[in-house]
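Undergrad: Sequence:
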Amino acid sequence: MRRSQLFLPTLKETPSEAKIVSHRLMLRAGLVRQSSAGIYTWLPAGYRVLRKIEEIVREEQDRAGAQEVLMPTIQSAEVWQKSGRYDDYGKEMLRIEDRHGREMLFGPTAEEVITDIVANEINSYRDLPKNLYNIQWKFRDEVRPRFGVMRGREFLMKDNYSFDIDYESARHSYNKMFVAYLRTYARMGLTAIPMAADTGPIGGDLSHEFIVLAETGESAVFCDRALLEMPAPGHEVDYDSDLGGTVEIWSNHYAATDEKHDPDNCPIAGDQLVKARGIEVGHIFYFGTKYSEPLGAIVQGPDGQQITLEMGSYGIGVSRLVGAIIEASHDDAGIIWPESVAPWLVGLINLKVGDSDCDAASEKIYADLRAAGIEAIYDDRDERAGAKFADMDLVGIPWQITIGPRGIKDGKVEVKRRGEDEKSEIAIEVLGDWISERAAS
RNA sequence: CGGGAAGUAGCUCAGCCUGGUAGAGCACUACGUUCGGGACGUAGGGGCCGGAGGUUCGAAUCCUCUCUUCCCGACCA
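Letter by letter, the first sequence follows residues 1 to 441 of my numbering.
None of these hints come from the bench; they were simulated from the model. For clarity, every value in this text was computed on a predicted model and none was experimentally measured. A few of these clues could be false.
What the hints assert, rightly or not - Under the rule of at most 30 Å between Cα atoms (straight-line distance), these lysine-lysine pairs were calculated in the DSBU-like manner:
1) K409 <-> K423
2) K423 <-> K52
3) K412 <-> K352
4) K412 <-> K364
5) K82 <-> K52
6) K275 <-> K12
7) K423 <-> K364
8) K82 <-> K12
9) K352 <-> K12
10) K52 <-> K12
11) K19 <-> K130
Stated by the list, open to error - Now the in silico label distances, taken between C-beta atoms and shown as ranges:
12) R102 <-> T14: 14 to 22 Å
13) S251 <-> K364: 52 to 60 Å
14) D271 <-> I74: 51 to 59 Å
15) D62 <-> G301: 26 to 34 Å
Positions of the beta carbon are idealized from the N, C-alpha and C atoms, including for glycine.
My request is simple: use the sequences and hints to build the entire structure.
TA: The following block contains the structure:
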């Protein structure tokens, strides 16, 4: 994409309403603009990041055997009345009346809708287990939206729901998601720790939160240092195998939030205990028959008996992750995107637009990048060098290629990794190889 | 939902106390000089001073109401 044509409104100054670093940088780097409290418009660069995160989440869900559906944003009150949550949910639920006076709502979550579908469509134990997910916009009318997209009222969430015949099977579904979550966060360059959690209003008796570590995180966490050093399960993980061992290893390590951590009774000693700050980016629950029972999600078992389904639900805050990644990865100059979620992998800076050598070399490299299928942003604007460097750093492009009159005389360009200071000179002839190495990853 | 702040140009803010024809920097347009880490000069464009009432000869400024946004706490992907 040519920078001159791109809608990427970067800001030198910080809008006064933004107090935390990810919010400031998202506004300054032209990723989002606030529409009203807790509601955002995603601009091209921000939307690209959001879609990349979404795609990683999707790939890992698919790999773990979940199947994607798309549920409506607007739900009928009926199913919520059946589950009893229509009254319980309170003012956080945005309630709407349609022209016929029917009670509707903007979905804050989808246990009711999906359970209703399953209750209608699945009637035999032979059709189980099932794990259905969707990545859809949710609305929760938070009293106090804040922190930009980290605590918006409207947010993109991956939520899924597992349906099993018995506890053993449900536990396996839970474990699959546990492992898939570890992989999902790792692919985004995040260190995520699972933490045993209260089940809260969703109910149930088995639950983990996934906390991403970031200095600016909203809550303090204490954990065993070993957790930070454990590699996430690899690509080769077999989801049909018994994952209980893996889950046990991870969940047996100490991790607790500020409130629950008791320094006097902490099993982890001295240096092995890490005090950090974190952001909750996922939450998984097993809650048995809490919804299947009121909504009639019942199948017939092998002996002809009626069996109420065992359920779990699993959520990842997709839009929140954009903010969380920035919180975890930035410096004074701007965002430092991990390659896997960067809006563009390469930023090409033509230092002297109008100089025929620089223009020709830049155009050539830009064409090569595009031919290699590498997402590149080409700064072809007639701006000063400083402005271009600052912009690339702010937006957080992982690789910067600088083409300037100084190097071009010797047939060289400069390559810089975002987040590292030194630039290396590379001969233009060799750049092709460098590019193909990039393209392979 | 309790407590606290702020709304003036696209952004950051001054002006308000002590009422008298709306300002600066950045951004934007044109021209010129510059040009390897957010240049400089000259000339421009852009405002119902959040909204509604009130006081006054006169309100960005004083009073009342209202809307919006942000911050701290309780709650949450």
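Undergrad: Now tell me, hint by hint, if it's right for this structure.
TA: A quick look at each hint next to the structure:
As the CA atoms of K409 and K423 are separated by approximately 17 Å, the hinted pair is consistent with the 30 Å bound. With a CA separation close to 27 Å, the supplied pair K423 and K52 stays within the 30 Å bound. At most 30 Å may separate the alpha-carbon atoms for a hinted pair to count; K412 and K352 meet this at roughly 15 Å. Taking the CA atoms of K412 and K364, the gap is about 13 Å. The hint holds against a cut of 30 Å.
At most 30 Å may separate the alpha-carbon atoms for a hinted pair to count; K82 and K52 exceed this at roughly 37 Å. Of the pairs offered as hints, the one joining K275 and K12 is violated, with about 34 Å between alpha carbons and a cut-off of 30 Å exceeded. Using a Cα cut-off of 30 Å, the hinted pair K423 and K364 holds, with the two alpha carbons roughly 21 Å apart. Between K82 and K12, the direct Cα distance comes to roughly 52 Å. Violation of the 30 Å bound is thereby established for this hinted pair.
For the hint linking K352 to K12, the alpha-carbon distance of about 22 Å falls within 30 Å, and the restraint holds. Simply put, K52 and K12 have alpha-carbon atoms about 26 Å apart, close enough for the 30 Å limit, and the pair holds. For the hint pairing K19 with K130, the CA-to-CA distance comes to about 43 Å; that exceeds 30 Å, so the pair is violated. Taken as a hint, the range 14 to 22 Å is violated for the pair R102 and T14, whose Cβ atoms sit roughly 45 Å apart.
Hint check: S251 to K364, Cβ distance near 53 Å, so the stated range 52 to 60 Å holds. Between D271 and I74 the Cβ separation comes to about 52 Å, which falls inside the hinted range of 51 to 59 Å. D62 and G301 have their C-beta atoms about 29 Å apart, which keeps the hinted 26 to 34 Å range intact.
In this structure, the earlier hints numbered 5, 6, 8, 11, 12 are contradicted, and the remaining ones agree with it.
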